[in-house]
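Full structure from sequences and hints, please.
Protein chains in written order, with our numbering: chain P, 162 to 357; chain V, 47 to 399.
In short, the hints are calculated from the structure, not lab data.
In this text the structure is predicted, and so the values were computed from the model without any measurement.
Take every hint as true, because none was put in to throw you off.
Using 16 Å as the maximum straight-line C-alpha spacing, the simulated EDC-like pairs for lysine to aspartate or glutamate come out as follows:
{"no.": "1", "chain 1": "P", "residue 1": "K289", "chain 2": "V", "residue 2": "D234"}
{"no.": "2", "chain 1": "V", "residue 1": "K199", "chain 2": "V", "residue 2": "E283"}
{"no.": "3", "chain 1": "V", "residue 1": "K199", "chain 2": "V", "residue 2": "D125"}
{"no.": "4", "chain 1": "P", "residue 1": "K289", "chain 2": "V", "residue 2": "D172"}
Next come the chains, spelled out residue by residue.
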Amino acid sequence: MVNSILFILFGGLGIGCALAVVAQRNPLYSAISLIGVFISLSSLYLTLAAPFIAAVQVIVYAGAIMVLVVFVIMLLNVEAEERRRARMAFLIPVAVLLAAIFIGEVAFILKAVNFDVPLVTSDVGTTKSIGIGLFTTYLLPFEITSILLLMALVGAMTLARRAVILTSVSRLMSGPYVPPEEIEEPLVERTEERSL
Amino acid sequence: MSWDSLLNHPLMHPVWLIIGITIAFLSIMLLVAATVLAERRVLGFIQGRLGPNRVGYFGVLQPFADFIKTMMKEDLVPDQSTKFVFLLAPTVAVITAIMAIIVYPFGPTVNIPLLGPVPLRIARFDVALLYVLGVTSVGVYGIALAGWSSNNKYSLMGGLRSSAQLISYELALGLALIGVVLMSGTLDIYEIVQQQSGFFGLHWNIIYQPIGFIVYLIAAIAETNRVPFDLPEAETELVAGFHTEYSSIKFLLFFNAEYVNMITVSMLATSLFLGGWNGPGVATFPILGVFYFAAKILFFLFLYIWLRGTLPRFRFDQLMNFGWKFLMPLALINIFLTATIQAYWPDLMSLFR
Chain P
162 MVNSILFILF GGLGIGCALA VVAQRNPLYS AISLIGVFIS LSSLYLTLAA PFIAAVQVIV
222 YAGAIMVLVV FVIMLLNVEA EERRRARMAF LIPVAVLLAA IFIGEVAFIL KAVNFDVPLV
282 TSDVGTTKSI GIGLFTTYLL PFEITSILLL MALVGAMTLA RRAVILTSVS RLMSGPYVPP
342 EEIEEPLVER TEERSL
Chain V
47 MSWDSLLNHP LMHPVWLIIG ITIAFLSIML LVAATVLAER RVLGFIQGRL GPNRVGYFGV
107 LQPFADFIKT MMKEDLVPDQ STKFVFLLAP TVAVITAIMA IIVYPFGPTV NIPLLGPVPL
167 RIARFDVALL YVLGVTSVGV YGIALAGWSS NNKYSLMGGL RSSAQLISYE LALGLALIGV
227 VLMSGTLDIY EIVQQQSGFF GLHWNIIYQP IGFIVYLIAA IAETNRVPFD LPEAETELVA
287 GFHTEYSSIK FLLFFNAEYV NMITVSMLAT SLFLGGWNGP GVATFPILGV FYFAAKILFF
347 LFLYIWLRGT LPRFRFDQLM NFGWKFLMPL ALINIFLTAT IQAYWPDLMS LFR
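Have a look at this one:
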């Protein structure tokens, strides 16, 4: 009873926010709506007895990734997008078709799936089972993902510092002589920019 | 139906929950008022002056007078601001600040006449610590959005600085807590507090996790935007930072959120490192636990005020370097040490247990 009320509440909130993400023309409003989607999703995880996933959903998506998105929108001061109805017109029938397919799939699932399965009480969502799974059964995928993230981190650092590296390298390698006052020095400016 | 079974009826659970939340909320709000007054008085004494002492005895009514005065001010909304976000920002800040208080145990289970044993906490769940971190990480939006929506360069700079600072120090804060989690083997704050009971305070985690405690304390001061890490509202550079354009009740909400954050951060430090409600005599008189808990929180709040009266402000690049190049590696070393000792010399950890 309480569970279904919560499901309707947060499910509705999530769908409303998701629609707002697409419908808003101001990118910052879209980002805020997306945060709403993440938070209602995590509330749904809580009602499904997966508290760890709920907490991680908020920490990682709402707390870290979306902060970066909002940060970028704020820094670039992105304007509200203009409406380009004429260029997108040919997409409307495609959208209607896809929506029809989606509704058909949902109807099929509702009709075909057997809902009378007895509820299994398991500890799938708890911290302990996730920890044990990560460090025993799924150790290799876990490590590979970590290395992937590390590579992304190093790559981002390299891209961000390329200008600095390039100037120092070009000063080291003797090409055609450039008098020191003509060397572009983005170094000082860039550090100031970074430490906003 | 007897009185006892009526009180323990399942339908009464939401009622108890609401009563508990109301009591906790009101005590936190009173504590905020007390902290504001204490800050002004203690700062006054540190700086060789008296501080506000006219309204009520020793100025005890000063926060309430200030509250009424600020409420009466005109509620300004800047002309070019984004109105909805401008209103949303203080709301988010204060809601996320207050949401964190529900997981802390204010005391052990107490026998209250007519009611029977009552646990002095609102909610207890598996991932209480992660819940606190999650709520804190959402709190960043309050400040970031306030800075952006005001359409004021000082506000924007304050908001950006603050987002960068909070994201950076959140990492050190979370990593500092992992040492304690490794030792106790649970994320449930109530359980962590209970494990620290007994043996004259020698089970407190601060003894086993001194590095973790120091890293947590520094990161927590940065998380709450307090001196010496109050760059987001550095008045010499940014007027008042992210809340430059806020007046009246919206300003009060930000002000309130800052102080509630200070209190919740102190509560977390108390629960995780200083044994929560544990102290001499709690086993015989459980109600004493509430006073020990309050006393430890007040110690941390005094520490905040003391630091404000003592230390100058960091420069922003110093702040970033300190967070990323000193605190983070220190917290990682702490995790490494704790895990190694746990794995190879488990006897060392349980020397006093």
